[in-house]
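S.K.: These protein sequence lines are chains A and B, in that order.
Its first residue numbered 1, the first sequence is counted upward by one per residue in this note's numbering.
Its first residue numbered 1001, the second sequence is counted upward by one per residue in this note's numbering.
No lab work stands behind these hints, which were simulated from the structure alone.
These figures come from a predicted structure and were not determined experimentally.
Treat the hints loosely; a few may be bogus.
[Stated by the list, open to error] Non-contacting residues of chain B with respect to chain A, defined by C-beta distances greater than 10 Å in every case (computed):
{"hint": "1", "residue": "Ala-1039"}
{"hint": "2", "residue": "Thr-1111"}
{"hint": "3", "residue": "Pro-1180"}
[Unchecked claim] Label pairs and their calculated CB-CB ranges:
{"hint": "4", "chain 1": "A", "residue 1": "Arg-207", "chain 2": "B", "residue 2": "Leu-1099", "range": "52 to 62 Å"}
{"hint": "5", "chain 1": "B", "residue 1": "Thr-1061", "chain 2": "A", "residue 2": "Leu-160", "range": "40 to 50 Å"}
{"hint": "6", "chain 1": "B", "residue 1": "Ala-1039", "chain 2": "A", "residue 2": "Leu-160", "range": "25 to 35 Å"}
{"hint": "7", "chain 1": "A", "residue 1": "Asn-209", "chain 2": "B", "residue 2": "Ala-1039", "range": "50 to 60 Å"}
{"hint": "8", "chain 1": "B", "residue 1": "Ile-1005", "chain 2": "A", "residue 2": "Gly-193", "range": "48 to 58 Å"}
{"hint": "9", "chain 1": "A", "residue 1": "Asp-96", "chain 2": "B", "residue 2": "Thr-1061", "range": "51 to 61 Å"}
[Claimed, not checked] According to the in silico footprint, chain B covers these stretches of chain A (three or more CB under 8 Å from chain B):
{"hint": "10", "stretch": "62-74"}
{"hint": "11", "stretch": "110-120"}
Just so it is clear, CB atoms sit at the ideal spot from N, CA and C, and this is done for glycine as well.
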Amino acid sequence: MNKYKKITLDGLIFQNPTFILVLGTCPTLGLISSAFSAMGMGLTVLVVLLLSNVIISALRKVIPNEVRIPCYIVVIATLVTFARMFLEKFVPDLYDSLGGFLALIVVNCIILGRAEAFANKHTVAEAAVDGIANGLGFTVSLTLMGIICEFFGKGSLFGLQIMDFKIGMLATPAGAFLVYGLCIAVFVYIVDGIERARRVKANKLARENMLKEAA
Amino acid sequence: MATLISIVLAAVLTNNFITAKTYGICPFLGVSKKTSSAAGMGIAVTLVMLIATLVTYPIYTYVMVPLGIEFLEIIFFIFIIASLVQMLEVIIKKISPSLYNAMGVYLPLITTNCAVLGVTELVIGDMSAILGEGVSMNLGWAALYALFAGLGFTLVMIIMSGMRERLNYYKLPKAVAGFPIAMVTACFICMAFMVFSYISL
Chain A
1 MNKYKKITLD GLIFQNPTFI LVLGTCPTLG LISSAFSAMG MGLTVLVVLL LSNVIISALR
61 KVIPNEVRIP CYIVVIATLV TFARMFLEKF VPDLYDSLGG FLALIVVNCI ILGRAEAFAN
121 KHTVAEAAVD GIANGLGFTV SLTLMGIICE FFGKGSLFGL QIMDFKIGML ATPAGAFLVY
181 GLCIAVFVYI VDGIERARRV KANKLARENM LKEAA
Chain B
1001 MATLISIVLA AVLTNNFITA KTYGICPFLG VSKKTSSAAG MGIAVTLVML IATLVTYPIY
1061 TYVMVPLGIE FLEIIFFIFI IASLVQMLEV IIKKISPSLY NAMGVYLPLI TTNCAVLGVT
1121 ELVIGDMSAI LGEGVSMNLG WAALYALFAG LGFTLVMIIM SGMRERLNYY KLPKAVAGFP
1181 IAMVTACFIC MAFMVFSYIS L
């Protein structure tokens, strides 16, 4: 159980794909001007990542090592094609707001990165947990930045107008870069603090154990 | 002539891939620490964008549309781009080893660059706003758009690398150094490029 907890915490916080590894930046910067499209992008990536992790992990003994990257790309491109058809048919609003970035999920580094770094070495269950954790880490980060950008840039939340005050710059790519940069800085500062506290605690425990043994 | 000017202006300035569309951000942030490597990456991306468009556009219009298999475009395009990049690497290595040394290391990275897949998807989509009324898309315009979009990408890469070289002189707090300060720098470049949105075509 502890293993799954570590995978989940890594995906969500300590190896967060958006803030710590800074992967999949193109859709992030392109879509955080609206919280709805940012969340939709996050959830689409979550589903594609979960399925690709499960499929690649299930096939890891079948795929020859030399041609593994093309095989991963076939799996991911097929999944993205399905996701695109599904969204076009059932959620046309989201399909329109994602625009070109929907096809670009194929070249999203998070999905190929997880396939290469995790799914081809672990069991199906672990790969599924990893896919959900990383996908959620991506979704939560994108939604958070989407809320910040949309609230200050357009004065609305998920399309619902809240106030007249707005800083239009924050709803453009320039504002997206600014908010993303500042969010990374804050997140890294917090995670560094947590890790330092953990290390201090571990050192203290080790010292106490040593003293006990000496006594 | 009007279409030509409008495509060039749109691709380089008003609809710049980095500052307006936010395509191809990974190399923009990853390979922009030195001007020489930024220029090499930019030129390699431009070359691949141009060649990829020259191959995918005819395949889409003359093979996939008549056969009714447009829905397979993502799978086809990513495969064409991946094999093109591989082929280009072999050819450049054979013809000019010095050029290979200069930009060979960037070529494998380009397969997963959104700018290349992005431009091939854009030119088969609706481009009437840029082409002007009554002008329909053809291979020539598509290739021109891809070439100048790549040059716009290179321009922003070089500006960014110059600014980041300057940033090396300052000592920054650990949380801000690296990606955050690069993003804030990119924000200023974007703001400068916003001025071009006042150009009406």
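S.K.: A separate judgement is required for each hint: does it hold in the structure or not?
M.R.: Results of checking the hints against the structure:
Distance to chain A confirms Ala-1039 of chain B as a non-interface residue, since its nearest Cβ pair spans about 21 Å, more than 10 Å. Chain A draws Thr-1111 of chain B into its interface by the beta-carbon criterion, the shortest separation being 8 Å against a cut-off of 10 Å. Annotated as non-interface, Pro-1180 of chain B brings its C-beta within 10 Å of a C-beta of chain A; the closest such distance is 4 Å. The hinted range of 52 to 62 Å is satisfied by Arg-207 of chain A and Leu-1099 of chain B, whose Cβ atoms lie roughly 59 Å apart.
Distance hint check for Thr-1061 of chain B and Leu-160 of chain A: the Cβ-Cβ separation is about 42 Å, which falls inside the suggested range of 40 to 50 Å. Between Ala-1039 of chain B and Leu-160 of chain A the Cβ separation comes to about 46 Å, which falls outside the hinted range of 25 to 35 Å. At about 56 Å, the CB distance of Asn-209 of chain A to Ala-1039 of chain B agrees with the hint of 50 to 60 Å. Remark: the range hint 48 to 58 Å for Ile-1005 of chain B to Gly-193 of chain A is upheld by a beta-carbon distance near 54 Å.
Range check, Asp-96 of chain A to Thr-1061 of chain B: about 24 Å between beta-carbon atoms, so the 51 to 61 Å window is missed. Check on the stretch 62-74 of chain A: 3 of its residues sit with their Cβ under 8 Å from a Cβ of chain B, so the three-residue criterion for coverage holds. Residue count for the stretch 110-120 of chain A with a Cβ under 8 Å from a Cβ of chain B: 1. That is fewer than the three needed, and the coverage hint is violated.
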